[in-house]
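Novice: Protein chains in written order, with this note's numbering: chain A, 1 to 567; chain B, 1 to 107.
Calculated from the structure, these hints are not laboratory results. For glycine and all other residues, C-beta sits at the position ideal for the given N, C-alpha and C. Possibly wrong hints are sitting among the right ones.
[Said to hold, decoys possible] Just some of the chain B residues that point at chain A, by a computed CB distance under 7 Å:
| no. | residue |
| --- | --- |
| 1 | Glu-10 |
| 2 | Ser-19 |
| 3 | Ala-24 |
| 4 | Asp-29 |
| 5 | Leu-51 |
| 6 | Ser-52 |
| 7 | Ser-54 |
[Claimed, not checked] So the derived label-pair ranges between C-beta atoms look like this:
| no. | chain 1 | residue 1 | chain 2 | residue 2 | range |
| --- | --- | --- | --- | --- | --- |
| 8 | B | Asp-82 | A | Leu-348 | 44 to 54 Å |
| 9 | B | Asp-29 | A | Glu-402 | 51 to 61 Å |
| 10 | B | Pro-71 | A | Glu-48 | 20 to 30 Å |
As a plain string of letters, each chain reads:
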Amino acid sequence: MRTLTGVGSTPLAGVGTARWYRPEADLTLPDRPDPSAVDADAELARFEDARDEAREAIRNARDRAAERVGEEEAAVFDAHEGFLDDPELVGDVEEAIRDGTPAEHAVRDRFAAAIEQFEDLDGRMAERADDLRDVRDRLLRVLLDADALVDLGDLPDGTVLLAERLTPSDTAALDPDAVAGIATVAGGRTAHAAIIARSLSIPAVVGVGESLRDVEDGDDLLVDGEAGRVVVDPDAETREGAGGNEAPVIAERVATADGRSVEVAANVGSEAELAPAADRGADGIGLFRTEFLFLDREAPPTEDEQYEAVNTALSAFPDDRVVVRTLDVGGDKRVPYLDLPTEPNPFLGRRGIRLSLDEHRDLFETQLRALLRAAASEGDGEGLAVMVPLVSRIEEVEAAAEAVESVAADLAAEGVDHAVPELGAMIETPAGVFLADALAERLDFLSVGTNDLAQYVMAADRENDGVADYHDPLHPAVLRAIDHATSAAAGTDAWVGMCGEMAGDPALTELLVGLGLDELSMSAVTVPAVKERVTEIDSAEARALADEALACETRSEVLDVLGLDRG
Amino acid sequence: MERTVTVVPEAGLHARPASKLVQAVNRFDADVSIGRAEDGDDGLVRADSMLSVSGLNVGHGESVRVVTEGPDAADALDAVCDLLTSEVEGNGDAESGRDGTDGGDPE
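Same shape as in the complex, but just chain A (with noise of 0.2 Å):
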């Protein structure tokens, strides 16, 4: 038995098969034979053979991500298809092979140019090089005979997929009930691909390094997404402790023992999560993510295309609040149509509210013409919230609230049906942590994001590996922030949710019920474990351990306190 560590992702256990997955290898080809040597009409043939082959592989991979994951995410397939039928690009591998090339060298050459034909063009056309290297591979493969050929959507029941890393189409390929597990050599929780195991609930490892390199095919594996790590030949005792056994779902609201009701929403980027959401009895949604919406697309969605979306997340929810995020860009997330500009310091940038007050403000009012419209169709409105991001100044949550109104007044002037929504802010940098009373003042809610306060709070840049460490929401800085702002919301009518990463892990659970937050949103996976954990909380004890973990000086004093050992 050998235990190996990385950052749990998914926080559930499974154990299987290994299998890697080497979409890169394999690939080598043999040594080029003299022309004459070749026989160019079977080369042809090969080649017509291997297109068929690519060609059938990419449809099942369009349907399966059609179904598992939408239609938006299978989009990308076709323009694999697109390639795969490209007369220049087939004819000019043809000839190549006509003049005495054979036919895995001929698709390496010419996808070779094309490939860097993208490269050498703007950020975004980087894109159409990875479709090209998807389609150069899926040819070689056939025509090698590879056996890296892992049909990803048709692997064998139990199977722990090992991978360098995985895209996010190989993710949204991967049949949930087949994968007992994910484990990758690179990569954080917040990688996309991360983001989609957590929405199908495959448990998942990521980041565990090199040692990963060592399992081999057919190794057995238990992941365990809850504590981190990864066992190979792990022995019963090992498997049956392992975290992961999924607690019952819980479909009603829940409280403590002694009857203090906790919110537990959960945290949504696409339609397609919306109904695991519910099956898992989430209490509606804590923060559904409008970026989708805005992303790798050509150009900005329509109010009524918003419209649409926030109305399915509203019926998928009709007895529960759904808090919608304004667009949130900028810093990481780049949108190639908003032109947004390159910074130093992207973090400590033009981000979140600050572009929508500003270059983006008909992004923004746009936004707000479809929420108000979809709050009507909730009756008073008392559906649906509203919250912007990266606060820091009182001025942006007033003029947040008047474009509100004014949008209303627009909305009134036309005779369109609208109501107006709650209105929250985001708690992630330090003013809006110092500001807290004066925006609970003023707001219906606020909801803090713990992963962009964590970064903020300890200067950390959390995609820099070098400052990992730093980036910790159990730092007692981080939680004396989250303290403030609930205590200074206390005297007031505005509720506090968290609606960060730390909100979803059940070990921290009483610990946030006794900082005083009225709702934990997260990733739906981890939604029946949180409210299994809440109904267990006596409250007097939870601010206790609060209190104690409060007053702690370092992040190992809180794990102390905690009992939790995280290295």
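Starting from the structure of chain A, add chain B where the hints point.
Specialist: Quick look at chain B alone, frame taken from chain A:
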């Protein structure tokens, strides 16, 4: 036949618009080529190739020349120019692409 038009789609002739254009061209019995107006005949590429069309990297507001030949030349010219001069339809459904499930990082 030929015509020069100004590209209207916000996104120019990138991924989705390019594949729509290629699909449209394939419906006609015509040879269609396309290029930046300023580049003259040298800039023309075949419009039935994703690689060529998206590789032009033509942006919104640029002037594009469309040349068609063959039995359906007139219809093909109309169809292609229509696509180039109207905002991409169905912006909502399949338009938004590969990261549909990732609205950004968890907070």
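Novice: Quick one, is the Ser-19 (chain B) hint okay against chain A at 7 Å, beta carbons?
Specialist: With Cβ-Cβ at 5 Å, under 7 Å, it holds.
Novice: Does Leu-51 (chain B) pass the interface check with chain A, least Cβ-Cβ distance below 7 Å?
Specialist: holds (5 Å)
Novice: Given the hint of 20 to 30 Å, is the C-beta distance from Pro-71 (chain B) to Glu-48 (chain A) inside that range or not?
Specialist: 28 Å Cβ-Cβ, so the 20 to 30 Å window holds.
Novice: Checking hints one by one. Is Ala-24 (chain B) an interface residue toward chain A, by the C-beta closer than 7 Å rule?
Specialist: At about 13 Å, which exceeds the 7 Å cut-off, the nearest Cβ of chain A leaves the hint on Ala-24 (chain B) violated.
Novice: Would the hint on Ser-52 (chain B) be counted as holding, given a Cβ-Cβ threshold of 7 Å to chain A?
Specialist: For Ser-52 (chain B), the interface hint holds, since the closest Cβ of chain A sits about 6 Å away, which is under 7 Å.
Novice: Should the hint that Glu-10 (chain B) touches chain A count as held when the rule is a Cβ pair under 7 Å?
Specialist: Since chain A brings a Cβ to about 4 Å from Glu-10 (chain B), closer than 7 Å, the hint holds.
Novice: So, as I understand it, the hint says Asp-29 (chain B) touches chain A; can you test that by seeing if any CB pair is closer than 7 Å?
Specialist: Violated: closest Cβ of chain A sits about 15 Å from Asp-29 (chain B), beyond 7 Å.
Novice: Quick check on a hinted range of 51 to 61 Å for Asp-29 (chain B) and Glu-402 (chain A), using CB atoms only.
Specialist: Given range 51 to 61 Å: holds, Cβ gap about 58 Å.
Novice: Just to be sure I understand the hint, the distance between the Cβ atoms of Asp-82 (chain B) and Leu-348 (chain A) should be within 44 to 54 Å; is that true here?
Specialist: Given range 44 to 54 Å: holds, Cβ gap about 46 Å.
Novice: Interface hint check: Ser-54 (chain B), Cβ to nearest Cβ on chain A, cutoff 7 Å. Holds or violated?
Specialist: holds (6 Å)
Taken one by one, the earlier hints fail for this structure at numbers 3 and 4, listed in ascending order.
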